[in-house]
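These protein sequence lines map, in sequence, to chains A and B.
In terms of numbering that gives the first Met the number 0, the first sequence is residues 0 to 261.
In terms of numbering that gives the first Met the number 0, the second sequence is residues 0 to 235.
If you're looking for bench data, these hints aren't it; they were derived computationally from the structure.
Check before you lean on any hint, since a few could be wrong.
[What the hints assert, rightly or not] What follows is a list of derived Cβ distance ranges for each label pair:
| # | chain 1 | residue 1 | chain 2 | residue 2 | range |
| --- | --- | --- | --- | --- | --- |
| 1 | B | N75 | A | L192 | 24 to 30 Å |
| 2 | A | L243 | B | S143 | 41 to 47 Å |
| 3 | B | L80 | A | A117 | 54 to 60 Å |
| 4 | B | V207 | A | A141 | 37 to 43 Å |
Glycine residues also receive a C-beta, built at the ideal position from the N, C-alpha and C atoms.
Letter by letter, the chains look like this.
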Amino acid sequence: MNEYIRIEKLRKTFKTDRVCLEVLKGVDLKIEKGDVCGIIGFSGAGKSTLARCVNRLEEPDSGKVFIGDVDITSLAKRDLNIERRKIGMIFQTFNLFESMTVKRNIAYPLEIQGVAKARVKERVDGLLELVGIKEKGKAYPAQLSGGQKQRVGIARALANDPNVLLSDEATSALDPQTTLSVLELLKEINQKLGLTILLITHELEVIKYACKSMAILEDGVIAERGGVDEIFSNPNSAAGRIFLKVYQDMRRNPSYSGGEGI
Amino acid sequence: MSLLNTPFWEVFLASFDPAAWKSLVPAIWETLYMVGITCVITLVGGVILGLILTVTNTFGLLPIVWLNRSLSAVVNCLRSLPQMIMIILMIPVARMILGKAYGVNACIIALAASCIPMFARLVESSLLEIEKGKVDAAKAMGSSSFQIIFRIMIPETLPSLIRGFTVAIIAVISMTALAGNFGAGGIGDIAVRFGFQRFQHEVLFAAVYVLVALVQLVQFAGDAASKILLKKRHLI
Ligand SMILES: Nc1ncnc2c1ncn2[C@@H]1O[C@H](COP(=O)(O)OP(=O)(O)OP(=O)(O)O)[C@@H](O)[C@H]1O
Ligand SMILES: [Mg+2]
Chain A
0 MNEYIRIEKL
10 RKTFKTDRVC
20 LEVLKGVDLK
30 IEKGDVCGII
40 GFSGAGKSTL
50 ARCVNRLEEP
60 DSGKVFIGDV
70 DITSLAKRDL
80 NIERRKIGMI
90 FQTFNLFESM
100 TVKRNIAYPL
110 EIQGVAKARV
120 KERVDGLLEL
130 VGIKEKGKAY
140 PAQLSGGQKQ
150 RVGIARALAN
160 DPNVLLSDEA
170 TSALDPQTTL
180 SVLELLKEIN
190 QKLGLTILLI
200 THELEVIKYA
210 CKSMAILEDG
220 VIAERGGVDE
230 IFSNPNSAAG
240 RIFLKVYQDM
250 RRNPSYSGGE
260 GI
Chain B
0 MSLLNTPFWE
10 VFLASFDPAA
20 WKSLVPAIWE
30 TLYMVGITCV
40 ITLVGGVILG
50 LILTVTNTFG
60 LLPIVWLNRS
70 LSAVVNCLRS
80 LPQMIMIILM
90 IPVARMILGK
100 AYGVNACIIA
110 LAASCIPMFA
120 RLVESSLLEI
130 EKGKVDAAKA
140 MGSSSFQIIF
150 RIMIPETLPS
160 LIRGFTVAII
170 AVISMTALAG
180 NFGAGGIGDI
190 AVRFGFQRFQ
200 HEVLFAAVYV
210 LVALVQLVQF
220 AGDAASKILL
230 KKRHLI
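With the rest of the complex left out, here is chain A:
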């Protein structure tokens, strides 16, 4: 086993005025290099929190996150910023910079490191080509469809040649067909670049379509972890069984959601 991402005993509690909400109660998760690992869980299960602890957008209370040999959780701010460049992240709400054109959005992560202009331009053009929106370089984000916005988000996340891509419900705001094409793109990137992808979702279809392995997050811990087919054929956790049942119901009755296929 070539474990690339190791999450160990990760705990996170949110404290608001009076209440303490224990979201992650000791998450252990190992992800191999080049894997596309889907994490599924109910709304509020703490999937986003888990993903955000990996690049420390959220500070975990305790526990460790290793990527390769680097202990992310113990990095000082400056080193963390350097390490973050190697961890791409895409979001459900895209979070593109509306003051910048598509090209400048994608160039931003390079510009902040002072990469030479010619090099940036070359890289941006390559990325636009890779995500299939070559003609949109001069457009502003507000002029794009959701699918195109997420492609920009992906290109921007890839600008630094990261080793890891964190995808937090990246397709949840998209229609089924666009979801499919964005997942296709993520699979392609995974194959071409050997990127390790942590794919957060609340749709089993997405996992079935795009992931190589999966984990179920329930009650603040990983309830189940394994290959996609393995868990699909015989889910052991309560959450796993519910997700599977909903998935099967939807397939039997395609009018439920976007339809068959995804």
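Take the given structure of chain A and dock chain B with the ligands to it, following the hints.
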């Protein structure tokens, strides 16, 4: 010509007579000078103060709660003072900085002291409008706090910052008119001296035209600038 003994329209017509404008024209320059300098000081001071207020708050980029609380308290104190009182309170400060407590420059100090805190709050509220996700995205890419502030927060909220600055300039103009009483000169001074003390109401009228035109112009320019930006970004 006074409204007390002359029909309104005669005063009105006289307000377009060059005689009414003779003493007003130099006052316009004084006003523009005061407004100009005060606006520059307000812009710089307000942006800096507003930024500090924004980033040091509990959920900000660099939370420093004690600094945020104390600055916020100072801002509230300054904002609670009417302009007249501010001018008087600033007498010692003006004397310390300029060596005298009256005149145009002393007035600028008082104006800035009340406009900086006001504009700082406008800057703060504009900067807080930014979607949290954009800041998260910038952080996730390894941006420093400095880069997040100057490359993301300010550019993203620029249309709103411009609208805030427009409001601030207009506040400066009206406060400048008031400051005239304290030996600072300017349009407000002319309006009060001629219109109130000498009952030359045609001069008062002329002064009002200038003030109204000035405010309209600033509002128009501010609206246009912010609209151009939004159009460029295809947000409207
Ligand atoms: N910054 C925060 N402060 C307080 N509570 C928070 C914060 N962020 C998340 N939470 C709470 O933590 C819990 C887990 O949130 P999280 O966003 O990780 O869930 P999720 O699994 O991603 O859900 P969803 O599928 O709806 O995105 C929720 O109950 C949420 O209200
Ligand atoms: Mg979430």
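Determine which of the earlier numbered hints do not hold for this structure and return their numbers in increasing order. Of the numbered hints given earlier, the structure breaks just one, which is hint 1.
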